[in-house]
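With these hints in hand, go ahead and build the complete structure from the sequences.
Residue numbers (the numbering used here), protein chains in the order written: chain A, 1 to 100; chain B, 1 to 144.
Honestly, I wouldn't trust all of these hints.
Stated by the list, open to error - Taking lysine-lysine and the DSS-like style, the derived pairs with C-alpha atoms no more than 27 Å apart in a straight line are:
| hint | chain 1 | residue 1 | chain 2 | residue 2 |
| --- | --- | --- | --- | --- |
| 1 | A | K81 | A | K6 |
| 2 | B | K60 | A | K81 |
| 3 | A | K66 | B | K56 |
| 4 | B | K126 | B | K60 |
| 5 | A | K81 | B | K56 |
| 6 | B | K56 | A | K31 |
| 7 | A | K69 | A | K31 |
| 8 | B | K85 | B | K26 |
| 9 | A | K66 | A | K81 |
As the list claims (entries may be wrong) - Incomplete in silico selection of chain A near chain B, CB under 10 Å:
| hint | residue |
| --- | --- |
| 10 | I36 |
| 11 | D46 |
| 12 | R49 |
| 13 | I53 |
| 14 | G59 |
| 15 | V62 |
| 16 | K69 |
| 17 | N72 |
| 18 | D86 |
| 19 | R92 |
| 20 | I96 |
Think of the hints as simulated: they come from the structure by calculation, not from any bench. Glycine included, each C-beta is placed from N, C-alpha and C at the ideal position.
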Amino acid sequence: MIVEIKSEGQWRIVELAGDIKVEEAGVLREKMLDLIDHGKDHIIIDFTRVDFIDSTGLGVLVGIHKRIKMVNGELVIRGTKGSIRDIFELTRLNQIFTME
Amino acid sequence: MENLEYTYVLQSPQQYHHIRERMQDKLLECFSNDQMLIDLAIYEAVTNAWRHGHHKLEHKNIIVEIKFLRKSLLVRVCDEGEGFKVPEHFRSMYNQFDRPAEEQLESGRGILIMQQVMDKVIYSFKGNDLILRKWYPTDLVEGV
Numbered sequence: 001m002i003v004e005i006k007s008e009g010q011w012r013i014v015e016l017a018g019d020i021k022v023e024e025a026g027v028l029r030e031k032m033l034d035l036i037d038h039g040k041d042h043i044i045i046d047f048t049r050v051d052f053i054d055s056t057g058l059g060v061l062v063g064i065h066k067r068i069k070m071v072n073g074e075l076v077i078r079g080t081k082g083s084i085r086d087i088f089e090l091t092r093l094n095q096i097f098t099m100e
Numbered sequence: 001m002e003n004l005e006y007t008y009v010l011q012s013p014q015q016y017h018h019i020r021e022r023m024q025d026k027l028l029e030c031f032s033n034d035q036m037l038i039d040l041a042i043y044e045a046v047t048n049a050w051r052h053g054h055h056k057l058e059h060k061n062i063i064v065e066i067k068f069l070r071k072s073l074l075v076r077v078c079d080e081g082e083g084f085k086v087p088e089h090f091r092s093m094y095n096q097f098d099r100p101a102e103e104q105l106e107s108g109r110g111i112l113i114m115q116q117v118m119d120k121v122i123y124s125f126k127g128n129d130l131i132l133r134k135w136y137p138t139d140l141v142e143g144v
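Below is the structure:
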């Protein structure tokens, strides 16, 4: 699910792959909150290689976004395309997140 | 379009992959590029049944009936739970998605996805029996 976490200046780029659904969402939440708790509060989540995301995965992103906002950080969603992008749009989360 | 019917009894969303593997080719044939969204809507129905109907217990049955009819896909998902107050839930759900980012809730988007993707989303009065319908794109349906 999390393939790699890279650094670019103040940003941490989290590359995801495969499915992000109810089984994987808890792990994603823990890893992201761990990053934020260690002061890494500028995060880009790269969806280029994601095949599937469900509402639980989206809910985790909402929680991460709120936590990052509380510490004045920034969350960017990158690389969504096709049906993955459709999911962000039909749940209106494209209006909440910064989408690249 | 040839009729095709499947019935599955699941205890958790982890078992949904059996359904996905079996109907993947048919979904692609019927809905082309939208097949992933249809698959997601059915998965959300199963997840909701498990999470809210069965409180994540895995000894209760979720019955999933999938019918590829001549002009539409019909899905029925039933759980053994106590159901929920459907109108009240829908009202509060829609209010939350218009709130600013800091007031957004993490949950509730499963039903939103079902409603946005499918043409019909009908809950029984009790709320533990759900029907989803999606019409095939008209260019795939003979005589429409």
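Run the distance test for K69 of chain A versus K31 of chain A: straight-line Cα separation, threshold 27 Å. Status holds; Cα separation ~17 Å.
Interface hint outcome for I36 of chain A [beta carbon to chain B under 10 Å]: 15 Å, violated
Report holds or violated for the interface hint on R49 of chain A, using the least CB-CB distance to chain B and a cut-off of 10 Å. 15 Å, violated
Hey, does the K69 of chain A contact hint survive, CB to chain B under 10 Å? Given a least distance of 6 Å, the restraint on K69 of chain A holds.
So, as I understand it, the hint says N72 of chain A touches chain B; can you test that by seeing if any CB pair is closer than 10 Å? With Cβ-Cβ at 12 Å, over 10 Å, it is violated.
Pair hint outcome, K85 of chain B versus K26 of chain B [Cα-Cα no greater than 27 Å]: Violated - the C-alpha atoms of K26 of chain B and K85 of chain B are around 34 Å apart, more than 27 Å.
Keeping to a limit of 27 Å between CA atoms, is the pair of K126 of chain B and K60 of chain B held or broken? 17 Å, holds
Return the status of the interface hint for G59 of chain A: holds when the least beta-carbon distance to chain B is below 10 Å, violated otherwise. Holds, because the Cβ-Cβ distance from G59 of chain A to chain B comes to roughly 4 Å (cut-off 10 Å).
Let's test the interface hint: is any C-beta of chain B closer than 10 Å to that of D86 of chain A? 6 Å, holds
Restraint status (C-alpha distance of K81 of chain A to K6 of chain A at most 27 Å): Roughly 21 Å between the alpha carbons, so the hint for K81 of chain A and K6 of chain A holds.
Decide if the proposed pair is consistent with the structure: K66 of chain A and K81 of chain A, CA atoms, cutoff 27 Å inclusive. 24 Å, holds
Quick one, is the I96 of chain A hint okay against chain B at 10 Å, beta carbons? Constraint on I96 of chain A satisfied, holds at 5 Å.
Comparing the model with each earlier hint shows violations of hints 2, 5, 8, 10, 11, 12, 17; every other hint is respected.
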